[in-house]
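Residue numbers (our numbering), protein chains in the order written: chain E, 5 to 512; chain C, 18 to 138.
Hints listed in this document are in silico derivations from the structure and should not be mistaken for laboratory results. Just so it is clear, CB atoms sit at the ideal spot from N, CA and C, and this is done for glycine as well. Worth double-checking, as some hints may not be accurate.
Claimed, not checked - Derived pair list, reagent style DSS-like, types lysine-lysine, alpha-carbon separation capped at 25 Å:
1. E:Lys381 with C:Lys88
2. E:Lys454 with E:Lys429
3. E:Lys445 with C:Lys99
4. C:Lys27 with E:Lys30
5. E:Lys105 with E:Lys202
6. C:Lys99 with E:Lys236
Stated by the list, open to error - Residues from chain C that keep clear of chain E, each with C-beta distances beyond 10 Å, as calculated:
7. Asn24
8. Ser51
9. Arg52
10. Glu55
11. Ile95
12. Ile102
13. Asn109
14. Thr110
15. Ile119
16. Glu126
17. Asp130
18. Lys133
19. Ile138
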Amino acid sequence: MLVKLKSAALYGLEGEIIRVEIDASKGLPGQSIVGLPDAAVRESRDRVRCAIINSGFEFPPYYFTINLAPGDTRKEGSLYDLPMAVGILCASNQVSKERLKESVFIGELSLNGDVKGVSGILPICHSLYKKGVKNVVVSKENADEAALVENLVVISVTSLKETVEFLNKEKEIEPHIVDVSNLFKNDQEFDVDFSEIKGQTHAKRALEIAAAGGHNILMIGPPGSGKTMLAKRIPTIMPFLSSDEALEVTKIYSVTGLINKKRILITKRPFRTPHHTTSNIGIIGGGRIPRPGEVSLAHFGVLFLDELPEFNREVIEVLREPLEDNKVTVSRALGSVTYPANFMLIAAMNPCPCGNYMDTLQQCLCPPNKVQKYWSKISGPLLDRIDIHIEVPRLKKDELTSLPQCETSAQIKERVCKARNIQEKRFKDLSFRLNSNLNPKYMKVFCDLKEEVGNFLKSAITHLKISGRGYDRIIKLARTIADLEGSTDIKTEHIAEAMQFRTLKLKE
Amino acid sequence: MGQESYNLGKDGEERACNFLQQKEFRIIERNFRSRQGEIDIIAKDQDFLVFVEVKNYSHKSFFTPIYAIRKSKKESIIHAAKLYIYKKKLYNTLCRFDVVAIYRHISGEIIIDHIKNSFGI
Chain E
5 MLVKLKSAAL YGLEGEIIRV EIDASKGLPG QSIVGLPDAA VRESRDRVRC AIINSGFEFP
65 PYYFTINLAP GDTRKEGSLY DLPMAVGILC ASNQVSKERL KESVFIGELS LNGDVKGVSG
125 ILPICHSLYK KGVKNVVVSK ENADEAALVE NLVVISVTSL KETVEFLNKE KEIEPHIVDV
185 SNLFKNDQEF DVDFSEIKGQ THAKRALEIA AAGGHNILMI GPPGSGKTML AKRIPTIMPF
245 LSSDEALEVT KIYSVTGLIN KKRILITKRP FRTPHHTTSN IGIIGGGRIP RPGEVSLAHF
305 GVLFLDELPE FNREVIEVLR EPLEDNKVTV SRALGSVTYP ANFMLIAAMN PCPCGNYMDT
365 LQQCLCPPNK VQKYWSKISG PLLDRIDIHI EVPRLKKDEL TSLPQCETSA QIKERVCKAR
425 NIQEKRFKDL SFRLNSNLNP KYMKVFCDLK EEVGNFLKSA ITHLKISGRG YDRIIKLART
485 IADLEGSTDI KTEHIAEAMQ FRTLKLKE
Chain C
18 MGQESYNLGK DGEERACNFL QQKEFRIIER NFRSRQGEID IIAKDQDFLV FVEVKNYSHK
78 SFFTPIYAIR KSKKESIIHA AKLYIYKKKL YNTLCRFDVV AIYRHISGEI IIDHIKNSFG
138 I
C-alpha cells in the first residue's frame, strides 16, 4: 500500500515542498529511508517507532520504504518525524486518508508521542504559502510563528494522538490565529535615551543623519568619551520596523533558532554587537550547512563593531561585499545560500593604542609606528565605504558637570522619521528604500546637482583626492541631509556638511 | 551444567509452544537452523508467518527481566529467517519477529510474556 503526503525543507530562506511517499510491503519487517537523508532524518525511524507505540497505536509489521522526493536534494533535520509517523499509520489503515492531501506536516516527535517544534518554520510557511499550500499541521510551539503568514490555515497539534484524531475527524481543531498588530504594540520601549548624553552635539547630529539615510558611521575618540553610549542609543531614534520588514527579519532569526515564545515577531530593529573575537564565519555566516551570520542578523538594523581595530583584519575585510551589495552569498559543499544583509554599520575605535592621540587634555604616549600599525588594521577600501567619520572628543570639565539639557530620542526620531518618509515616497516603486542604497542608475534621477553645486563639489574633490565611490557617497549623504531639512534640491551647504564627515583620511 | 541448561531450554520451548497454541498459533517448524543461526519456533498466526525466539530466565526474579536480544543474535535470527523464506519460496508473505520470554517469579509462579513484532531488519 502506498501513501503520499507532503512535508517541507528549508534551503537558506526558501522553503520547498517535499513529498513523503511511504510504501508498505510484505516480507520481513523493517524500514529504509531514501532521498538523501542526513543523520537526523535517518534517526527519525527510531523516534517514529517509539512515538507510534507509546501513543497507543500499533507499529505495523511491514517493510516500509520511505521516499523523500525530490530525491536529489538533501534533507536535513527532524521535521519529517510527524509526516513519517502519520504515513506509517495511514499505510496500516489506522488513519483515514481523506485529510492528508490538503495539508503539509512539519514536526519532530519525542518518544512519548509529543510533537515538538523545529526551527525555520516562518520562512518555510511563507514560501509554502506562495507555492499554493493552504494548510499546515505544526506543533503548538511553532503555531504562533506559522500563523504570522497571512491567510495560511495553521493546525496546531500537541501530540501524535491528537493529530490522528484530527485526521480521522474525531476531533476538530480550530485554525490557530495570531493578532499581528498586537505584537507590534509590545516591546516598543527602550530603557536608554539620547537625552542622557551630555555634549557631543556634533556626534549626535552625525548619528541623526546616519539613522535617517542608513549611512555607515565610524566614531573615533579617547576611552570614556561616550562612543559606546552613543551607539547603544541609535535604535531609539530609528523608525519602527514595518510589518514586511519585521517579517523578513523574523525569518532570519527563525532560521537561526532565535525565536522564542515571548517574542515570535521581531518588531524592534536588530542591534547586534558581536565581540571582537568573533570569527569571519560568525560575521558573514557559514558552517557545514550555511547559517546566517551577524551581518544578516543585523538586517534592517544596526551592526555595531566596538573597538574596530581589535577585530581580526580578515573579519573586517569580509564586511566589504555585504556593505556594498546588501546581501551575502555563502557557498559550501552542501549548497550555496544567499542571506540578506542590509544593515547600518556603526564602528567605534580609539585613535591610537593608548587612546589619547587626538586629545587636547592628555598626552599620547604611543610611538608613531604603533599608531600607524593600529590604523593599518583598517583598510582604505573599508574606510571608503563608511560615509561618516566623526571624532568623539573627551568632554570638558563644565560640560561634564552641567545638567544635561538635550533633545530626547523622541524628538530626534520624529525628524528621522520625516526624512525616511520622504525617501519612502521617492523610492516607492523601487527595490530599495534608503538614500545609502541608491544605485548609480538612479543617482542622476534623484540626486541631480545644480551647476553651482556641481562646480563646488568638483573643485573640492580635486583638492581632497576623493575616490569615485567617495564622490557618489558624498552626494548620497548630502541627499539625506537635504531630506532632513525637507529640501527638494541638494544645496551647497548640504554638500559641504557631507564632505566634512569624510575627511578622516586626509588627517592621517 | 551443559545438559541441565539444554534441558531447561527444551523445557522452555515446550512451554512456549503450548502457550502459542493456546493463542491459536499454528506451529509449523521448530529449531530451524541455518549455518549462522537458529529459529526456535516458526508458526503461523492468521496471515502472518511468525519467527519466535524463546528467552528463558532460570533465576528467580522480583521484576521482569530485560528481554535482551543482542545485535548478533538478532542478525542470526534474521539470517535464518531469510533462508527459510528462500527455501519455502514465501517471498510475498507478511512476516513478524516475536519474542516469548519465560521466567520464574520469586513466588515460584512461571510467567510467560509475549512480545509481538519485537524487532525488524
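A quick look at each hint next to the structure:
At most 25 Å may separate the alpha-carbon atoms for a hinted pair to count; Lys381 (chain E) and Lys88 (chain C) exceed this at roughly 59 Å. For a cut-off of 25 Å, the pair hint linking Lys454 (chain E) to Lys429 (chain E) stands: about 22 Å separates their Cα positions. Distance restraint check for Lys445 (chain E) and Lys99 (chain C): the Cα-Cα separation of roughly 72 Å exceeds the 25 Å cut-off, and the hinted pair is therefore not satisfied. Straight-line distance between C-alpha atoms of Lys27 (chain C) and Lys30 (chain E) comes to about 32 Å, which puts the hinted pair past the 25 Å bound.
Proximity of Lys105 (chain E) to Lys202 (chain E) is assessed by CA-CA distance (about 64 Å); at most 25 Å being required, the pair is judged violated. The suggested pairing of Lys99 (chain C) with Lys236 (chain E) is violated, with an alpha-carbon distance near 70 Å, which exceeds 25 Å. The claim that Asn24 (chain C) lies off the interface holds: its Cβ sits roughly 32 Å from the closest Cβ of chain E, which is beyond the 10 Å cut-off. Every Cβ of chain E is farther than 10 Å from the Cβ of Ser51 (chain C); the closest lies at roughly 14 Å, confirming the non-interface assignment.
Distance check for Arg52 (chain C) against chain E: the nearest CB is about 18 Å away, which clears 10 Å, and the non-interface claim stands. At roughly 17 Å, the least C-beta separation between Glu55 (chain C) and chain E is larger than 10 Å, which holds for a residue marked as non-interface. Consistency note on Ile95 (chain C): stated as away from chain E, yet its beta-carbon is not over 10 Å from all of that chain's, at 7 Å minimum. Against chain E, the non-interface label of Ile102 (chain C) is violated: not every CB pair exceeds 10 Å, the least being about 7 Å.
Asn109 (chain C), annotated as away from the interface, has a beta carbon of chain E within 10 Å; the closest lies near 5 Å. Consistency note on Thr110 (chain C): stated as away from chain E, yet its beta-carbon is not over 10 Å from all of that chain's, at 6 Å minimum. Distance check for Ile119 (chain C) against chain E: the nearest CB is about 22 Å away, which clears 10 Å, and the non-interface claim stands. The non-interface label for Glu126 (chain C) is consistent with chain E: the shortest C-beta to C-beta separation is roughly 27 Å, beyond 10 Å.
Residue placement check: Asp130 (chain C) keeps its beta carbon more than 10 Å from all beta carbons of chain E (closest about 16 Å). The beta carbon of Lys133 (chain C) is not kept farther than 10 Å from every beta carbon of chain E, the shortest such distance being approximately 8 Å. With a least beta-carbon separation of about 4 Å from chain E, Ile138 (chain C) fails to lie farther than 10 Å from that chain, contradicting its non-interface assignment.
Hint check: violations occur at hints 1, 3, 4, 5, 6, 11, 12, 13, 14, 18, 19; the rest are consistent with the structure.
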